[in-house]
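Engineer: The primary structure of each chain is shown beneath.
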Amino acid sequence: MAVADIQIDGGKPAASVGYIDRNQRAQRMIWAQIGLLALMCVVSLTYGATGVSPFRVLAQISLGHEVSISDRVVLLDIRLPRMVLGILVGASLAVSGALMQGLFRNPLADPGLVGVSAGAGLGAISGIVLGGMLPVALAGLLGYYLVPVAAFLGGWASTLLLYRVATRKGRTSVATMLLAGIALGALAGAVSGILVYKANDQQLRDLTFWGMGSLAGATWSKVLTATPIICAALAVAPFLARGLNGLALGEAAAGHLGVNIQRVKSVAILSVAAATGAAVVVSGGIGFIGIVVPHLLRLSIGPDHRYLLPNAALLGASLLLGADVISRNIIAPAELPIGIVTAVLGAPVFLWILLRARGVLDM
Amino acid sequence: MIDALNITVQLGRKEILHNVDFAAYPGQLTAIVGPNGSGKTTLLRALTGDVDHGGTIQMNGADVTDLPVWKLAALRGVLPQATPLAFPFTVIEVVRLGLMSGTSAQDDRLPERALARVGLAGYEGRYYQELSGGEQQRAQLARVLCQVWEPMLDGAPRWLYLDEPVAALDIAHQIQVMDIARDFAQAGGGVIAVMHDLNLTGLYADRVIIMKNGRVLAAGDTRDVLNSSTLSQAYDCRIDLDFRPAPDIAILHPAGVSLAPL
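Chains as they are written, first to last, in this note's numbering: chain A, 803 to 1165; chain B, 9 to 270.
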C-alpha cells in the first residue's frame, strides 16, 4: 500500500544524539556518594560534646603513646557505635521510603503506610507505660530491652494484620492496605492516647523524647541487634528494583512484562517492615529521610530503582549522620532530638523541591 | 494460535461475557469490533488474564494458566488503552522497560530503533508525562515492540494484543501503527486488536470478531463478516458499504450520509 511509504515526522529532529542518559549519571553518582559517606563518617567521629579528635588519637597510636581511657571510651564506645547505627538507620529509612513509593506508585508514600510506625509507636508506649505494672522478675529480665522489644513486636503485628486484611485470593490490594493502614493508625493513636492519659510525668517525658527520635544511647549491643535485620532487608532490595520499575506502568502492565507482582509486593512489604521496625526500635521516630532522600535522587538520576535504591541507602546514611552531628553539637553538651533536626532541615527542602519541580511531579 | 473456549466474565453480579469462543491465528491480524459496552475490551482483558474469567485459553497449544509469567511475557506483548506513569521516566527509559523480560533480542540499540519505528525518533530524552496522549500511546507501543521485537521465538509465533491502538492518533499515525501491526503479522506473529474504526478494520484486518451484548455476533474472514446487514444489526444503525474507491475496498458509512466528492 502506498500510504506506508509516506514520510512521517519529516520536520522533527531525526537523529537521537544528545539526550542525557541518566543511568550513566546514576552509576557515577554511587561513587560520589561513597565519598560523601566516608566524609560524613569522619565528621561524625570528630565532632562531639568532648574535644576528642580521632586524628589526634591516631597520631598518638602511631607515635607509640598511650591513649587515655576516656579518649578510647568516647571514640570506640560512644561515637563509633553511634556512627554505625546512624548509617544503618539512615539507609533503612531511605531505602524503605523508596520501596514504599515504588510499590504504592506514589512519590509521597512513606514506610508508615505499612503500619510499622503506628504499631511500633503503640508498642513502645505500652512498654513505657505498662512496663511498671509487669511482675518485677519479668521486668528485671527484660530490663532495658523492654521498650525496643515491645516496639518491634508492635510493628510486626500491625504489618502482618494489614497484610492479611489487604490480601484476598493470594492478591494483595495496595489500595486496601493504604485505607486499612489509616484505620489501624487511628486505632493505635486512640489506644496510645489512653495510655498517655494514664502515664505519670516521668513516663510522659520518656514518651515525648522517644517520639522525637535520637541516636543517643547507641551501644554495640544495639548495633549488633539491629545489624542482621537491617542488612537482610537491604540485601533483598536490589532484587526488587526491576519489578518496581515495571510497577510504575501499573500492575497489569508489569505482569505482562514478566514481573511476579505478588512476590514483589510481599517481599517489599516484609523487608520494609523489618528495616523500618528495626530502625524505629533503635532510634525512635525519625521523619523525612524516607521521603526527602528518594525525591532528591529522582530529580537528578531519575526514577530507575536499580540506581535509586543503592543511591538512597548511601544518601540516607550520609544525611542522618549529618543530622546527628548537628543534633549533638548545636546545644552541646545537651542534645537536640534528631527527629527535630531532620524535620527542621527536611520540611523546607521538601517544600522547595515541590515548588521547583511542580511541572514534573504533578503528573 | 490463540484458542479460547467458553469464556465467561462476571463483574460483581453482572455477567459481562457469556460463553464466548475466540480464535486467532499467527500470520493474521484479528480485529475485535462492536458497539460501546459490547465486551470487546473485557474479552481482550480475559485473553490477557487481566480479569478473572471462566473457560479455557490456549496459546500455541499450551493452557495459559500453566505458563509462568516470564514465559507469557516472552510470547506476548500487551498494549493497554492508556498507561499513566507513576514517576517521571523519560521516553527512552519507558521503552527500555520492554527489555525486562530478558527474552528480547539483547540489542542496546533496540529501544531507539523501536522509537524510530513509531515515529518518535528524537524523543528519547523527553519526559513521558509531557507527551501528548497520542505520543504516549506510540511510546508505549515502542515499549511493547521491544518486548516482542522478533515476531517468532524459537519457531513459535509471538503475539501482540492491542487495545484500541489508534484511538488517540491522527490519521497519518493511525496508518503507521496499523502498518506496524500488519508487518508483525506478515512476519509470522499474531495480532489481536480491539478496534473502533470500521474502515481501518476493513483495510487491515484478516479476521474480524463482532461482539454484541457480551456475545459473538459474527466471526470470520473480514470480507465475509463486514457486510451491511451484520454491521447494521451489531450497531443498531443502518450501515452501508460503498465500493466506489475500488472493487475490493469498501468505505463504510451510516446510511443517509451522502459521500460527496471532495
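Since the hints were derived computationally from the structure, they do not count as laboratory data.
On a predicted model such as this, the values are computed, not experimentally measured, just so you know.
Careful, some of the hints might be misleading.
Here are the simulated DSBU-like pairs of lysine-lysine, each with C-alpha atoms no more than 30 Å apart in a straight line [to be verified]:
# : chain 1 : residue 1 : chain 2 : residue 2
1 : B       : Lys79     : A       : Lys1000
2 : B       : Lys22     : B       : Lys220
3 : A       : Lys971    : B       : Lys79
Engineer: Hint by hint, note whether the structure agrees.
Structural biologist: A quick look at each hint next to the structure:
For the suggested pair Lys79(B) and Lys1000(A), the alpha carbons sit about 59 Å apart, so the restraint of at most 30 Å is broken. As the CA atoms of Lys22(B) and Lys220(B) are separated by approximately 16 Å, the hinted pair is consistent with the 30 Å bound. Proximity of Lys971(A) to Lys79(B) is assessed by CA-CA distance (about 23 Å); at most 30 Å being required, the pair is judged to hold.
Of the numbered hints listed earlier, the single one contradicted by the structure is hint 1.
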